[in-house]
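There are 2 protein chains.
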Amino acid sequence: MPLVVQKYGGSSLADAESIKRVARRIIETRKAGNDVCVVVSAMGDTTDELLDLAQEVSPLPPPREMDMLLTAGERMSMALVAMAIANLGHSVRSFTGSQAGVITDASHGRAKIIDVTPGRITEALGEGHVVIVAGFQGVSQTTKEITTLGRGGSDTTAVALAAALHADVCEIYTDVDGIFTADPRIVPSAHKVDRISHEEMLEMAASGAKILHLRCVEYARRFDMPIHVRSSFSPKEGTWVLTTTTEGDPVEEPIIAGVAHDRSEAKITVVGVPDEPGRAAQIFRTVADSEANIDMIVQNVSATETGLTDISFTLPKADGQAAVQALQRIRGEVGFDSIQYDDQIGKLSLVGAGMRTNPGVSATFFKALSDTGVNIEMISTSEIRISVVTRSEQLDEAVAAVHTAFGLDSSEGEAVVYGGTGR
Amino acid sequence: MPLVVQKYGGSSLADAESIKRVARRIIETRKAGNDVCVVVSAMGDTTDELLDLAQEVSPLPPPREMDMLLTAGERMSMALVAMAIANLGHSVRSFTGSQAGVITDASHGRAKIIDVTPGRITEALGEGHVVIVAGFQGVSQTTKEITTLGRGGSDTTAVALAAALHADVCEIYTDVDGIFTADPRIVPSAHKVDRISHEEMLEMAASGAKILHLRCVEYARRFDMPIHVRSSFSPKEGTWVLTTTTEGDPVEEPIIAGVAHDRSEAKITVVGVPDEPGRAAQIFRTVADSEANIDMIVQNVSATETGLTDISFTLPKADGQAAVQALQRIRGEVGFDSIQYDDQIGKLSLVGAGMRTNPGVSATFFKALSDTGVNIEMISTSEIRISVVTRSEQLDEAVAAVHTAFGLDSSEGEAVVYGGTGR
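Read top to bottom, the protein sequences are chains A and B.
So for the first sequence, UniProt numbering puts the first residue at 1; every next one is plus one.
So for the second sequence, UniProt numbering puts the first residue at 1; every next one is plus one.
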């Protein structure tokens, strides 16, 4: 019997009615002749409410206790979904992350899945139960403590379980119809993409597209697990995230998958760094030790008369304070002048596997930005992505301009197969 | 170092402020030179809210999933209390019932504690942590499933842990000052009792006094664990529940511990039962098989001319419907006429170890009821208790009359040592 792993997020589980609707959806899949294993997030705003409660009790709660608290959220939703399924006359068992065999490292609040040992799940599926699993949580291999995977961790749970159970597909249910060519709140003419490669999805997620969590896509790519991102409010097909086939007519593949944007980062500029070997290494070692995730890096051309240079990089705003403090401590040692912190930046990324073979993409991209009067502060590229940093207030305009320039606008909301060459 | 086990109920943990107050109270005990292990219930109305949510999703949720759901309540409160303690600068670890080694049978929703294996607790206490444990929950020895002990189960968790850890005292914190001679909402002149024996407390709890759960007191008596029932809102001493010492001057011990009442029961009368051996056994076997807990039983004198008799018994209202249905199924077999169901009854119980040696107690008791015009429908007694069933609407008046007749009224709210003899 085919095995489908489904994941429902908090917005699909907002209240009792939503839970009942999700239960009916699960049972439809079951009745269509599939074994079903379902991963659930916490209901609606539960996680935020628990975070608020924690904040009221303690400004700096111990991470171990935070994980104890937050894991209550999925525990509630998994039990309620199981009850709703039982009420439809189907046998069902719910399991916590720990019971489901989600083994992690010991990093409370952002644990990584090390292994999945789904013995109880396999057994329950074999006995004919629908299985519900609490997403976002696991148990540490070394300390036996309860851990959480961090925000978005339920997607990762679903893909990891799907891989461990050798599922046929991992369906991620959300409150939108799938992956769009851009955020429809910014670009109303953005349209749903029918198919996207793991690789492109990875770049989109890394560039700020919030539908799928980066780690989840990494996991899916590693285990070659097809993901079907779709709406829990509609029966329509969503977006399939698949391994790129080398077959197929490349002319029919869209060059560009979409335009992602991100306002969650800040820029730090270290001003007046002596232009000597090892200085940059010292700086980035220090930032990494403060546990900040560095994204883009730019080093200006050295001003030869002074022998000094500026180094800029971007990182999540949440990591900004710690990084600045860490850098200030090594100022004397490295010998730089000052640190500038700028959290009014935005990042725009154009993603598409077709870039590899279409050399005109970057020209079109920069012309679109230039025509709109957008000032570019930083640039970084991969084989299938171009990202730029702009002022935050210019970001929406920039996204719309790039979306239009690549012919992604669609009044019907249908996917456009874009096959132009040499632009 | 002395070890104190404390238990805080939901009303002491209503919100973030209450949780912080409880944390300060725990730390006071710690600073006074004790190891402290704290058992917590779910916050305020959490359990009721979860029950409501379950009801919205399914009218008859599977008990296994219900336990999964409800155990989230204590999980949240234990983590929050731990955070509040950490915020006061003390090291702390919270543990679920399962982690704390609370081993139960497999009866979801009303599991019994079979064993307590508090290895992780002992270890954490040894490392100098304050320990917080989720009450009301455990893990089944046979199925490894999460179980709950039923309402009031957190008290039982606390006493069971106290016994397993060889604690010096088990403090039960609540929203009243201790055990009262009667419910102060019915008898405003009721006063707090300073000391009460395990045996008397057992009768009080079985008779409807709601401060301590019956099973908790049974556990405390079996393991000879002193319980200190006190208010979490005041530093005053509460009521000590202790093993009766054979020493001490009996004249100084109060004859009567208090007057309990109970409106949670109903009366079933099986009318026209053939007065033959084995009929009553058939009836009570059937009721027991419906999982109803029978309390009092009365069999009327047989009417010799008909050879028929009536059998009445009381049971929790919650069990009433199942019992009536079970009895109706054996009507033909047993050959009785009809079943009467009456849920407008009230039970009044007078409890006191001094009754044993004071033969006048029952005379005073029945005279008080008679003077007030209360009609008695059933009577049952133990060595240290007399209970009567009356009409529900006469119960308050009856409680007040008995309270006064035994000199328990006190305008100052102070404990009265009642040493009369031979009444």
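What the hints contain is simulated information worked out from the structure, not anything from laboratory work.
Check the hints yourself; a few may be wrong.
[What the hints assert, rightly or not] Derived list of chain A stretches under chain B, where covered just means 3 residues or more per stretch with a C-beta under 8 Å from a C-beta of chain B: (1) 152-166; (2) 347-359.
[What the hints assert, rightly or not] Straight-line distance between alpha carbons at most 27 Å, and here's what the computed DSS-like set of lysine-lysine pairs gives: (3) Lys144(A) x Lys144(B); (4) Lys210(A) x Lys20(A); (5) Lys112(A) x Lys367(B).
Since the model is a prediction, treat every value here as computed from it, not as a measurement.
By construction, the Cβ of each residue, glycine as well, lies at the ideal position given by its N, Cα and C atoms.
Hints, one by one, checked against the model:
Coverage of a stretch by a chain is defined here by at least three residues with a beta carbon nearer than 8 Å to that chain's beta carbons; for the region 152-166 of chain A and chain B the count is 0, and the condition is violated. Three residues within the 8 Å Cβ limit are the bar, and the region 347-359 of chain A against chain B gives 0, so the coverage statement is violated. Pair hint lysine 144(A) plus lysine 144(B) holds up; C-alpha atoms about 16 Å apart against a cutoff of 27 Å. Between lysine 210(A) and lysine 20(A) the CA atoms are separated by roughly 26 Å; this keeps the pair inside 27 Å, and the hint holds.
The suggested pairing of lysine 112(A) with lysine 367(B) is violated, with an alpha-carbon distance near 74 Å, which exceeds 27 Å.
Figure legend: structure checked against the earlier numbered hints; hints not met, in rising order: 1, 2, 5.
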